[in-house]
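Participant: With the sequences and hints as input, model every part of the structure.
Once you know that position 107 of the sequence shown is 107 in the numbering used here, the rest is easy, because the numbers rise by one and skip nothing.
Derived by calculation from the structure, the hints in this document are not laboratory data. Among the hints, a few may not be true.
The following label-pair restraints were derived from C-beta to C-beta distances [stated by the list, open to error]: (1) Leu-107 to Lys-51: 27 to 35 Å; (2) Ala-55 to Asp-33: 18 to 26 Å; (3) Asn-38 to Gln-68: 28 to 36 Å.
Don't be surprised by glycine CBs; every beta carbon is placed ideally from N, CA and C.
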Amino acid sequence: MSHQVSITGQITPDQVPMIAENGFKTIINNRPDGEEPNQPTSAEIAAAAEKAGLAYKEVSFAGSELNQNHVEEFADFFNQAEQPMLIFCRTGNRSTGIYEAAKRMDLLDD
1 MSHQVSITGQ
11 ITPDQVPMIA
21 ENGFKTIINN
31 RPDGEEPNQP
41 TSAEIAAAAE
51 KAGLAYKEVS
61 FAGSELNQNH
71 VEEFADFFNQ
81 AEQPMLIFCR
91 TGNRSTGIYE
101 AAKRMDLLDD
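Facilitator: Structure (structure tokens):
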């Protein structure tokens, strides 16, 4: 794979500085706010990413609601974003799904 991508489960704002220290340049969030109590909001993670000097994008969707618009929005940001990048959702499954869908549709630059 030519992409420098890691996919993980939910991150928290206090983990963002460590993510930056580990060399990541971009974070993509595929998890909508409010899925469970005490889940950090996208705005909280975005603020932590900005403070750490990381690019941040939310392309969130419920697990069964992935559609063409999500995949295209993800791919558009992915292609212009600096790598390595960390992509997350609750467990990593959604993020894997959208990344793989974008690859299958040849929407991701090499």
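Participant: Take the hints in turn and mark each one as holding or not.
Facilitator: Comparing the hints with the structure gives:
Taking the beta carbon of each, Leu-107 and Lys-51 are about 30 Å apart, inside 27 to 35 Å as hinted. At about 19 Å, the beta-carbon gap between Ala-55 and Asp-33 stays in the expected band of 18 to 26 Å. Taking 28 to 36 Å as the suggested C-beta distance range, the pair Asn-38 and Gln-68 conforms, at roughly 32 Å.
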